[in-house]
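Residue numbers (the working numbering), protein chains in the order written: chain A, 1 to 490; chain B, 1 to 468.
If you're looking for bench data, these hints aren't it; they were derived computationally from the structure.
Some chain B residues close to chain A (C-beta under 10 angstroms, calculated; not the full set):
(1) 363
(2) 383
(3) 389
(4) 407
(5) 411
(6) 412
(7) 418
(8) 422
(9) 425
(10) 426
(11) 429
(12) 460
Idealized CB from N, CA, C, for every residue including glycine.
So the chains spell out like this:
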Amino acid sequence: MFPVVSVTLFLPLLGALVLVFLPGLSARAAHLVGLVAAGLTLVASGVVWARGALGGGFSQVEEVPWIPSLGVAYRVGVDGISLPLVLLTTVLFFVALVFSLEITERARSYVALFLLLETASIGVFVALDAIVFYVFFEVTLVGMYFIIADWGYEGRQRAALTFFIYTLLGSLPLLLAILGLYLASQPNTFDMREYIADPPLTGLAAMLALVAMLVTFFVKTPVFPVHTWLPLAHTEAPTAGSVILAGVLLKMGTYGLVRFALQMTPDAFRAAAPYVAILAVFSALYGAFVALAQTDLKRLVAYTSVNHMGYVVLGVAVAAATTDASVAALALDGAVLQMVSHGVVTGVLFLLVGALQDRAHTREMGAFGGLLRAAPVLGWGFILAAFASLGLPALAHFPAEFQIFLGTLRVYPAGVLVVLGIVVTAGLYLRAIVTVFLGELPERWKGTKDLDARELLSIGPLLALTVLIGVAPFLVLGVVHETTRAMGLL
Amino acid sequence: MNGMQDMPQGGGGMQMAQDLALLAPEIAVLLTAVGALVFEMLRLPKVSLPFTVIGLLVAAGLTVPLLGTETTVFSETFRVDALSEWAKLVLLPATVLCVVLSYPEVKDTDREGTVYVLFSMTALGALVLAGAGDVMFLVIGVLLSSVGSFPLVAYPRDDRATEAGMKYFVFGSVALAVMIFGITYWFGATGSTLISDLPRLSGAPLAAVFGLVAALVGLGYKASLVPFHFWAPDAYDGGPVSVAAFLSVVPKTGAIFAIAQIARDLPAGASGWPLAVAALAVLSMTYGNLAALVQENVVRLLAYSAIAQSGYFLLGVVAVGESGLAVSSLVVFAAAYAAMNIGAFAVVALAGRDLRDFAGLGRSRPAAGAAMVVFLISLVGIPPLGGFVGKFLLFGAAIDAGFAWLAIVGILNSVVSLAVYLRIVVSMYGRAKEAPVSPRPVAAVWVTALVFTVGVGLAAQVLLGRVA
Chain A
1 MFPVVSVTLF
11 LPLLGALVLV
21 FLPGLSARAA
31 HLVGLVAAGL
41 TLVASGVVWA
51 RGALGGGFSQ
61 VEEVPWIPSL
71 GVAYRVGVDG
81 ISLPLVLLTT
91 VLFFVALVFS
101 LEITERARSY
111 VALFLLLETA
121 SIGVFVALDA
131 IVFYVFFEVT
141 LVGMYFIIAD
151 WGYEGRQRAA
161 LTFFIYTLLG
171 SLPLLLAILG
181 LYLASQPNTF
191 DMREYIADPP
201 LTGLAAMLAL
211 VAMLVTFFVK
221 TPVFPVHTWL
231 PLAHTEAPTA
241 GSVILAGVLL
251 KMGTYGLVRF
261 ALQMTPDAFR
271 AAAPYVAILA
281 VFSALYGAFV
291 ALAQTDLKRL
301 VAYTSVNHMG
311 YVVLGVAVAA
321 ATTDASVAAL
331 ALDGAVLQMV
341 SHGVVTGVLF
351 LLVGALQDRA
361 HTREMGAFGG
371 LLRAAPVLGW
381 GFILAAFASL
391 GLPALAHFPA
401 EFQIFLGTLR
411 VYPAGVLVVL
421 GIVVTAGLYL
431 RAIVTVFLGE
441 LPERWKGTKD
451 LDARELLSIG
461 PLLALTVLIG
471 VAPFLVLGVV
481 HETTRAMGLL
Chain B
1 MNGMQDMPQG
11 GGGMQMAQDL
21 ALLAPEIAVL
31 LTAVGALVFE
41 MLRLPKVSLP
51 FTVIGLLVAA
61 GLTVPLLGTE
71 TTVFSETFRV
81 DALSEWAKLV
91 LLPATVLCVV
101 LSYPEVKDTD
111 REGTVYVLFS
121 MTALGALVLA
131 GAGDVMFLVI
141 GVLLSSVGSF
151 PLVAYPRDDR
161 ATEAGMKYFV
171 FGSVALAVMI
181 FGITYWFGAT
191 GSTLISDLPR
201 LSGAPLAAVF
211 GLVAALVGLG
221 YKASLVPFHF
231 WAPDAYDGGP
241 VSVAAFLSVV
251 PKTGAIFAIA
261 QIARDLPAGA
271 SGWPLAVAAL
281 AVLSMTYGNL
291 AALVQENVVR
301 LLAYSAIAQS
311 GYFLLGVVAV
321 GESGLAVSSL
331 VVFAAAYAAM
341 NIGAFAVVAL
351 AGRDLRDFAG
361 LGRSRPAAGA
371 AMVVFLISLV
381 GIPPLGGFVG
391 KFLLFGAAID
401 AGFAWLAIVG
411 ILNSVVSLAV
421 YLRIVVSMYG
431 RAKEAPVSPR
441 PVAAVWVTAL
451 VFTVGVGLAA
461 QVLLGRVA
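Work the whole structure out from these sequences, hints included.
Now the structure itself:
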């Protein structure tokens with residue numbers, strides 16, 4: 001069978017290599033190469049999606065032996081959990097590159113870095129070998145570091161370094177956990193499917209491995225109290241970088257939580273689930289309340305990420321805790337859908353805030369007012385995305401959060417306290433909409449231009465997806481559910 | 001020597017001829033050195049260079065038919081086994097790369113040909129170490145590789161080089177003296193200079209410890225292990241870059257293999273020996289990486305990194321006799337290390353010694369810059385490059401031998417080392433400067449090193465199959 005997964009994985013890298021080895025390219029040509037590479041990758045991932053995950057297990061597996069005697073190999077494939085995330089990744093990268101068309105300063109390096117980052121991101125989701133996973137996981141750091149450090153805003157150097165050190169140190173424990181899994185598996189292998197089919201660690205070793213994994217993935221997600229790198233990185237990153245950071249990189253944390261912690265150390269996770277759930281609830285509420293206190297629009301969106309990702313962690317914890325397979329599948333379905341929804345909706349929000357900043361050169365809410373009159377498309381786009389983000393029915397977050405809360409209610413009735421977070425986000429978004437878009441239009445913003453074609457082309461598709469997922473969540477859930485059911489979580 | 005009495009009786013001449021045949025590669029290296037010296041004396045340094053290159057490659061070629069042989073020659077005093085065969089196959093081509101690398105640095109100076117001779121002689125010393133079956137060979141090996149490399153370091157004859165050479169010389173002489181002094185206790189206790197007679201030491205613990213410590217001082221100095229490393233950064237930085245590349249690979253690998261040869265024959269659990277080696281490994285890895293973090297001079301940075309890499313190397317030594325992976329891990333890592341380290345030094349030869357010289361190299365010389373990135377991330381140990389496979393095998397061997405904690409220290413150190421090497425990478429992709437000139441021999445060296453760095457990684461299974 002034609003190795004579509006590998007093609008999807010390496011197409012962006014190919015584009016990046018083309019850019020590296022053609023130093024004379026103009027900014028225009030570099031963007032063209034980027035769009036073609038990311039576009040083809042999007043098509044390829046569409047083919048992967050169409051082929052689907054048969055029976056919910058790992059499908060479309062491609063394996064090349066490397067050092068057979070040590071159990072290391074190149075192994076990639078998809079299941080119902082990684083498949084939507086791969087598609088989300090390719091969509092967001094394409095959109096981010098469209099939005100970046102205005103970048104002229106060292107465009108060749110910029111596009112090349114994005115393409116490298118795309119390969120690494122797809123790699124994290126399709127890797128079925130722990131070593132391959134770890135390498136891609138680390139490469140994403142390097143790519144994002146340079147994007148923030150070279151094209152970010154004023155405090156970019158410090159933000160990039162904080163991000164890098166935080167997440168680099170954060171990923172160390174995962175390496176130790178992988179080592180433990182490798183040593184405990186018989187025969188020794190790095191095949192993640194083996195770890196999942198027959199979790200090699202038990203007892204204290206499993207608990208230690210779980211704690212190690214939780215540290216790594218909590219930093220990435222991020223979960224309170226290891227979230228402090230996030231607002232800094234987001235505010236300083238260029239707009240497209242923020243989209244990828246929030247839309248794709250954060251998902252690696254929760255994806256790892258499912259793929260590694262839940263699937264490879266299930267018993268330990270069950271024992272730890274109440275604590276994880278408490279942390280998740282606290283983190284979600286904390287994110288919402290801190291977002292409420294922000295006056296900078298971008299920081300506001302960044303903190304709502306902490307809130308939304310908290311729901312995902314809660315869903316995974318519920319799935320780990322329950323002994324009812326249908327409840328587990330319900331919560332996990334919600335968690336996976338929430339990852340996709342958050343990627344799409346937060347993507348729109350960051351793009352719109354970026355568009356606003358490009359016009360006004362400020363992100364302070366208090367500086368604006370009545371913008372809906374000057375830039376109606378931008379305004380209505382923001383209002384729609386904000387409504388989606390606060391969980392309005394028929395928009396992307398609703399079906400996901402609904403399932404998570406339903407699962408939580410069954411397992412931890414007290415955890416439903418987290419719904420309070422929705423009230424707070426509703427409040428903060430309404431306040432943002434009122435101060436920025438409603439009321440009198442001040443003189444200085446009279447000439448504000450509405451979205452141009454480039455911005456529409458990047459924001460429009462994501463808005464459409466926001467509505468589509470909200471109205472027809474089964475399009476995603478069908479694939480996800482087949483896998484969560486087949487996982488046979490007990 | 002005691003071993004003489006065990007020599008099979010009869011057919012002494014035949015035995016001699018056989019032994020000499022088994023030593024053909026070493027003899028070829030010696031003849032190469034002598035031949036190159038003759039050309040130098042005839043004032044034909046331009047002939048001396050190709051003669052050395054071809055001679056060393058022929059010597060490596062002569063090793064190929066010996067692969068798989070496990071025997072000893074000259075009454076067990078020298079070993080023809082996987083370690084010594086692969087030492088030749090790895091170190092001789094590595095020496096060739098260093099010789100080529102040195103050409104732009106030393107051409108048209110008087111004494112040009114001498115440099116090539118010294119390279120060959122030092123390499124011979126390393127080979128003697130790698131196959132040592134007798135403590136006398138340990139001494140000769142350390143001596144030969146030291147005496148050859150002192151003048152290499154001092155070659156430029158400026159203040160810095162002379163000082164570095166002097167430091168190296170004094171340090172080396174003392175280390176060697178300590179080593180000779182200590183291992184006489186072995187001879188006293190066992191009545192034999194053969195390493196394979198070391199198990200007899202079990203009755204004389206004090207002599208055993210004395211000798212071991214002394215051997216570790218002498219070999220640890222050659223391998224630049226902490227705390228016998230003080231000479232290394234100065235010596236590397238004092239001499240030509242090609243000499244630094246050479247010293248960081250060839251004598252070092254020889255000395256590590258020599259420690260492995262001793263480890264093979266020690267009585268099980270002898271005097272806490274594996275623990276002592278493990279302690280040296282931890283010290284070298286940790287100190288090397290931490291010290292490298294703060295260097296502003298890339299040669300010194302790579303010198304400290306080479307100290308750290310010696311620490312990783314020792315993980316394989318710790319596992320000798322305990323794990324079936326030990327020898328293959330040493331060999332694969334040696335091959336990867338030789339390629340990536342010489343490659344990195346070749347790019348230094350191109351760019352300059354200062355970290356600031358690397359600013360913008362990734363833009364002004366994209367190909368060399370990309371190669372440098374490959375060498376550096378291979379030094380960190382990132383798949384699928386040779387450095388990853390080598391380290392992975394070393395860690396695996398250590399875990400297999402019951403030293404899981406040591407492997408974890410190694411992994412943590414690898415992560416620290418990422419910061420060390422990323423400093424160079426970050427600088428390379430900063431603001432562009434003028435492109436440095438790239439002499440053709442230097443380019444040839446880093447391209448070859450690149451091929452092997454990637455090749456050892458991808459074809460690890462092939463290499464493993466040949467070694468085992």
